[in-house]
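Visitor: The sequence shown: position 124 = 124 (my numbering), numbered continuously.
Everything hinted at is true.
Computed beta-carbon distance windows for the label pairs: (1) ALA232 <-> ASP25: 15 to 21 Å; (2) GLY18 <-> THR80: 14 to 20 Å; (3) ARG54 <-> VAL187: 23 to 29 Å; (4) ILE207 <-> CYS4: 33 to 39 Å; (5) GLY79 <-> MET6: 22 to 28 Å; (6) ASP103 <-> HIS209: 21 to 27 Å; (7) LEU205 <-> GLU236: 19 to 25 Å; (8) MET1 <-> ASP103: 19 to 25 Å; (9) TRP220 <-> THR80: 27 to 33 Å.
Taking lysine to any residue pairs in the SDA-like style, the calculated list, with each CA pair at most 20 Å apart, reads: (10) LYS7 <-> MET45; (11) LYS200 <-> TYR214; (12) LYS125 <-> ASN82.
Keep in mind that the hints were calculated from the coordinates and are not lab data.
Just so we're clear, the structure is a prediction, and the values are computed from it rather than from any experiment.
Even glycine gets a Cβ: it sits at the ideal position worked out from N, Cα and C.
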Amino acid sequence: MALCEMKYNSSSLQKQTGMYVVIPDGQGPFRVVYQLHGLSDDYSMWLRRTNIERYAENYGLMVVMPDGGRSFYSDMVNGTGNYEQHMLETVQLVDRIFPTVADASGRAIGGLSMGGYGCMKLGLKYPEIFSSIASHSGVLDLKMNEAKGFGWEFNAIFGEKLSAENDCMALAARPTVKPAIYFDCGVDDFLIENNRIFHKELLKLKIEHTYHEYPGAHEWDFWDTHVQEAFAFHLEHLGKVTE
1 MALCEMKYNS
11 SSLQKQTGMY
21 VVIPDGQGPF
31 RVVYQLHGLS
41 DDYSMWLRRT
51 NIERYAENYG
61 LMVVMPDGGR
71 SFYSDMVNGT
81 GNYEQHMLET
91 VQLVDRIFPT
101 VADASGRAIG
111 GLSMGGYGCM
121 KLGLKYPEIF
131 SSIASHSGVL
141 DLKMNEAKGF
151 GWEFNAIFGE
161 KLSAENDCMA
171 LAARPTVKPA
181 IYFDCGVDDF
191 LIENNRIFHK
201 ELLKLKIEHT
211 YHEYPGAHEW
221 DFWDTHVQEA
231 FAFHLEHLGK
241 VTE
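All chains, please: the whole structure from these sequences, using the hints.
Guide: Pasting the structure below:
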């Protein structure tokens, strides 16, 4: 495996940013998982707090960890942080630089907490880009009181009213092809009801998905354990690599 830290200019953010990329051995093309961080983190945290580099090697996956600020991976209504566009821009950049499978069959997206929301939103919104989604402890229902507790930042990002374009519930209800969906949450996590509501909504909509509740809270031990299951899920749904 190789580890690459990239510093680059984002035209969407109008600033410099960074990301880590874990690259498998071999010539490629590689299947890629975009792994998103949480609200209080940055692009280094999956590397610093989990064994994700070793898991990527075990599963033969390239893992891209971009920086999402505190943006919920969305274009701000009251601000200049266009982080949804930044994520799409990052996919294009990665495909230009690295030997990837440069279509949806070779791309998956995952994340935790804020990144759990980000991966679910982006995956549902852009099924032509991602084949599978894996959310851990995600903020999947932004209408709930827990989500509104993010305060002024929430209003700066989403405005006074959450639009359908940023609502995972509304995106799931669209009559479009869906990526494969996986999500999990710890039973002692403050976001457990948030995830249960999303699970019930998908059942109501008759959308196929995999949902698990496990012992644990909103903590790195939980995410380090269950990201391995997410990688296995992605591999089930990503296309086979052809030379």
